[in-house]
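Colleague: Residue numbers (my numbering): 34 to 391.
Check each hint, because a few of them may be wrong.
[To be verified] Restraint ranges, calculated between C-beta atoms of paired labels, are given here:
1) 146 <-> 101: 38 to 48 Å
2) 44 <-> 280: 23 to 33 Å
3) 99 <-> 209: 35 to 45 Å
4) 304 <-> 61: 38 to 48 Å
5) 72 <-> 50: 34 to 44 Å
6) 98 <-> 201: 35 to 45 Å
7) 253 <-> 197: 14 to 24 Å
Hints are computed from structural coordinates only; laboratory data are not their basis.
Think of the CB as a built atom: it goes at the ideal place given N, C-alpha and C, for glycine as much as any other residue.
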Amino acid sequence: MAAGLVGRTPVFDARLAECQRALAPYLDVDLVSVLTGDDESWLARVEVVQPVLWAVGMALAAVWQHAGVTPAAVVGHSQGEIGAACVAGILSLADAAKAVALRSRALTVLRGTGTMASVDLRADAVTERLPGFPGVGVAAVNGPSTVVVSGPPQPVADLVAACQAEGVRARLIPVDYASHSAAVQEVAELLRADLADVTPRPGRVRMVSTLTGDWVDPASMDAGYWYDNLRQTVRFDAAVRVAVEAGHTTFVEISPHPVLTMPVTAILDDAGVSGHTLGSLRRGDDDPTRFADEPRDRPHDRSARRPDGRPRRDRRGGHCPPTPSTTSGTGSSRRRTGPRTSAPPVSRTPGTRCSAPR
Numbered sequence: 034m035a036a037g038l039v040g041r042t043p044v045f046d047a048r049l050a051e052c053q054r055a056l057a058p059y060l061d062v063d064l065v066s067v068l069t070g071d072d073e074s075w076l077a078r079v080e081v082v083q084p085v086l087w088a089v090g091m092a093l094a095a096v097w098q099h100a101g102v103t104p105a106a107v108v109g110h111s112q113g114e115i116g117a118a119c120v121a122g123i124l125s126l127a128d129a130a131k132a133v134a135l136r137s138r139a140l141t142v143l144r145g146t147g148t149m150a151s152v153d154l155r156a157d158a159v160t161e162r163l164p165g166f167p168g169v170g171v172a173a174v175n176g177p178s179t180v181v182v183s184g185p186p187q188p189v190a191d192l193v194a195a196c197q198a199e200g201v202r203a204r205l206i207p208v209d210y211a212s213h214s215a216a217v218q219e220v221a222e223l224l225r226a227d228l229a230d231v232t233p234r235p236g237r238v239r240m241v242s243t244l245t246g247d248w249v250d251p252a253s254m255d256a257g258y259w260y261d262n263l264r265q266t267v268r269f270d271a272a273v274r275v276a277v278e279a280g281h282t283t284f285v286e287i288s289p290h291p292v293l294t295m296p297v298t299a300i301l302d303d304a305g306v307s308g309h310t311l312g313s314l315r316r317g318d319d320d321p322t323r324f325a326d327e328p329r330d331r332p333h334d335r336s337a338r339r340p341d342g343r344p345r346r347d348r349r350g351g352h353c354p355p356t357p358s359t360t361s362g363t364g365s366s367r368r369r370t371g372p373r374t375s376a377p378p379v380s381r382t383p384g385t386r387c388s389a390p391r
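Make the full structure from the sequences, and use the hints.
Modeller: Below, the structure written as structure tokens:
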């Protein structure tokens, strides 16, 4: 997870060190050791995974900005909204670190009580099936036919099995808690108290909320917002469509591995809009040279067409037009990319990083 950048990319290292200091009051983990070590047991600990993803996303965002890629707008997915709000200037680094650390710590209370699954159906088709599976609800709508559900372990597993029996692609997500479900109400008082002194600021970049599916009012992003961010459905699909309608059609995912680029591409297709998606790193391929060269060295071709005459989109994350937008998710964000001196607005989705909803 971004280990190839550690010690080889000064901007990444500097921002990671800032995140380390911001997390120190809440998390006794050395980020560099976690990212570069052989022990992967931390991947099973949500209270470590989510802060690490946040820190990596913040460091990747700093690398993009150093290269002249600045966002015109941001979108965050689930936990990724914390990173997106920080990049947008709505949360200070200290408040963002506190929010991500204590939000993930609250999830440990729910450990063993639930799970999550992805289902490749439209949201209405998933909702129609839910009455037969007690306690299961829609956790996230990521794209036109990409939905995440959460709830008690057995009913979620039963729903997955029923979908697979019908030939519908569905799979369990390897987590033992049910984010974005009624179970989160158990930590409502704890989380609101822990984050009571988080103080949102006006910000410097516009942000689309995946809680409301609309442009966010920065003043609303207090403790109550961050509880709702964990409890309510992630409206990623709606948020991306709002960004697209505002003219943002190139998205950069800020994450150690692309998770949201395909849903965003599907949204662009569904909207009949030409656009581009671009990832930051890829699992097993985090060489800093690749990261630096890919967005600048590949040609920009906005006139390419499919056989049916519709515009092609770059699904590889290989090249981006002059006016991109950025998104991040649960650990993820997207931005518009372009020279620092003349870059057009960028929009960012789910947080500063992109990852599966948590």
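Colleague: Taking the hints in turn, state whether each one holds.
Modeller: Against the structure, the hints come out as follows:
1. 146 <-> 101: 38 to 48 Å: holds, 46 Å
2. 44 <-> 280: 23 to 33 Å: For residue 44 and residue 280 the Cβ distance comes to about 29 Å; the hint holds.
3. 99 <-> 209: 35 to 45 Å: Holds - the Cβ-Cβ distance for residue 99 and residue 209, about 38 Å, lies within 35 to 45 Å.
4. 304 <-> 61: 38 to 48 Å: Since the Cβ atoms of residue 304 and residue 61 sit about 45 Å apart, the hinted range of 38 to 48 Å holds.
5. 72 <-> 50: 34 to 44 Å: violated, 21 Å
6. 98 <-> 201: 35 to 45 Å: With a Cβ separation near 41 Å, residue 98 and residue 201 satisfy 35 to 45 Å, so the hint holds.
7. 253 <-> 197: 14 to 24 Å: Given range 14 to 24 Å: violated, Cβ gap about 40 Å.
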